[in-house]
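Peer 1: Hey, can you work out the whole structure from these sequences and the hints?
These protein sequence lines map, in sequence, to chains W and H.
Anchor point for the first sequence: position 123 equals 123 in this note's numbering, and the numbering is continuous, going up by one each time.
Anchor point for the second sequence: position 2 equals 1002 in this note's numbering, and the numbering is continuous, going up by one each time.
These aren't lab readings, by the way, just hints derived from the structure by calculation.
Do not take every clue at face value.
[Stated by the list, open to error] FRET-style restraints, in silico, Cβ to Cβ:
id : chain 1 : residue 1 : chain 2 : residue 2 : range
1  : W       : 122       : H       : 1071      : 45 to 53 angstroms
2  : H       : 1035      : W       : 178       : 47 to 55 angstroms
3  : H       : 1035      : W       : 186       : 34 to 42 angstroms
4  : W       : 136       : H       : 1123      : 45 to 53 angstroms
5  : H       : 1174      : W       : 178       : 40 to 48 angstroms
6  : W       : 63        : H       : 1139      : 37 to 45 angstroms
7  : H       : 1173      : W       : 116       : 37 to 45 angstroms
8  : W       : 143       : H       : 1173      : 34 to 42 angstroms
9  : H       : 1166      : W       : 122       : 13 to 21 angstroms
[Stated by the list, open to error] Computed from the model, here is a short list of chain W residues facing chain H with C-beta under 8 angstroms:
id : residue
10 : 31
11 : 55
12 : 137
13 : 212
Keep in mind that this is a model prediction, so the values were computed, not measured.
Quick reminder that beta carbons are idealized off the backbone N, C-alpha and C, glycines included.
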Amino acid sequence: MKNLKTILGVGVLAVASYFTIAADHIDAPAVSGGVSDITDFYAFQGENTDNLVFVANLQGLISPSETAAARFSENTLVEFNIDTDGDNVEDLVIQAIPRDGNMHFFGPVAPSQTGLNSTIATTAATTGIVEISQYQETPVFASNTAGMQFFAGPRDDPFFMDFAQYTAIIAGDAAGFNTPGADTFAGTNVLSIVVEVPKALIGGSGTINTWVETKTK
Amino acid sequence: MKILKIVTLSLVLATTAFNCSSDDDNNEETPNGPDFSGTFVQADQMGRPAVNTVFVSPASKDAFNVTIPSEQNAAFQSMFETNLTNLSPAFSAPEDENALGLTANAFTGLLATDVLNVSLDGTTTFFDGTNVLTGRALADDVITVELLLIFGGEDFSENPTLSNDNVDENDRPFLNQFPYLASPW
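Peer 2: What follows is the structure, given as structure tokens:
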């Protein structure tokens, strides 16, 4: 263990500044702490096992007292990207954009162009809309005739980690994690977009590759 | 297609009607509904948890967020491998592997393309002891999984004080039904 500590001491100090806040919270200078900062991304089978659920969380570490004032930006498009043929290029997107207190959804639909620039797929055959839920009011859910379900609004941050102790380790101030650890994200909220979609609309079977993007106007 | 068009039309009508009756803020809208025009340019992206945070050097974090996944491996795998081997004594020798049987080169080759692999055929989890990288469920302890794969060595036994943060679950229970996330604090 002595050797390990020596090795770690050097290695850890060398990379100390690489670690900001996990999982993707405040990950890079250009988006850090802003309205387009993605904190987390989840994709899992729904309660109805014919469906898949996508979750994008934005604007992490919102305290309860700040949550009522937290807003999605009308200039930030959230885009779920779905690669169905294994080349890591999106074949389908589900877009979410807020307007006038509602979150509008377009897709799954083949995007007009892949890559870094997007236009909103207003001609998509599959669309949806849900009123953005307000803090401490009954959450609003919506569905469409394609079998999708939609939510947008504040939720508890589902991410958990002893980030404070991790920072201490990386800074050379601690040799390891505590038992038990302390969840740095306990008691904080995020702005969530949750979309449940029939698997049949995103490839049906096999494995997809998926990622989420924020794009700004 | 007829059905689809009818559905689309009815959705468009419903959207328009809804917005005409919505008057809860100062954003004036045209009678034709919201303005969705314009080009939106990439700001942030994410596939697997903590990848940009952990493996990308500070000066490259913004660049990583605006590199499309199909080009990330060529641009960033070498940086990922350097940062991993500097960080973890479990990868101090080139032949060292993690519990997935991946060397530093192979592991960072997987991670540098930052997409989440998701199965449409059953269990979706980052790692549950059996299934590996078939999705990411809310309750998955992704940080401990990543710490084990970074620090835990071939059998998860190396560097035990670094390979588990000992926070194993969320501070609020998740829901079994939509929207699955717990209500806000």
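Peer 1: Would you mind marking each hint as holding or not holding in the structure?
Peer 2: Hint check results:
1. Hint check: residue 122 of chain W to residue 1071 of chain H, Cβ distance near 28 angstroms, so the stated range 45 to 53 angstroms is violated.
2. Residue 1035 of chain H and residue 178 of chain W have their C-beta atoms about 51 angstroms apart, which keeps the hinted 47 to 55 angstroms range intact.
3. The hinted window of 34 to 42 angstroms between residue 1035 of chain H and residue 186 of chain W holds, with their beta carbons roughly 40 angstroms apart.
4. With their beta carbons about 35 angstroms apart, residue 136 of chain W and residue 1123 of chain H fall outside the hinted range of 45 to 53 angstroms.
5. For the pair residue 1174 of chain H and residue 178 of chain W, the supplied restraint of 40 to 48 angstroms is violated, since their beta-carbon distance comes to about 25 angstroms.
6. Separated by about 24 angstroms at the C-beta atoms, residue 63 of chain W and residue 1139 of chain H break the suggested range of 37 to 45 angstroms.
7. Between residue 1173 of chain H and residue 116 of chain W the CB atoms are about 38 angstroms apart, so this pair conforms to the stated range of 37 to 45 angstroms.
8. Checked against the hint of 34 to 42 angstroms, the C-beta distance between residue 143 of chain W and residue 1173 of chain H comes to roughly 24 angstroms, which is inconsistent with it.
9. In this structure the supplied range 13 to 21 angstroms is violated for residue 1166 of chain H paired with residue 122 of chain W, their Cβ-Cβ distance being about 48 angstroms.
10. Interface restraint check for residue 31 of chain W: the shortest CB-CB distance to chain H comes to about 4 angstroms, inside 8 angstroms, so the restraint holds.
11. Among the interface hints, the one on residue 55 of chain W holds; its C-beta lies about 7 angstroms from the nearest C-beta in chain H, closer than the 8 angstroms criterion.
12. The closest approach between the C-beta of residue 137 of chain W and any C-beta of chain H is roughly 11 angstroms, which is over the 8 angstroms cut-off, so the hint fails.
13. Checking residue 212 of chain W against chain H by beta carbon gives a least distance of about 6 angstroms; that is within 8 angstroms, so the hint holds.
Hint compliance for this structure: hints 1, 4, 5, 6, 8, 9 and 12 are not met, and every other hint is.
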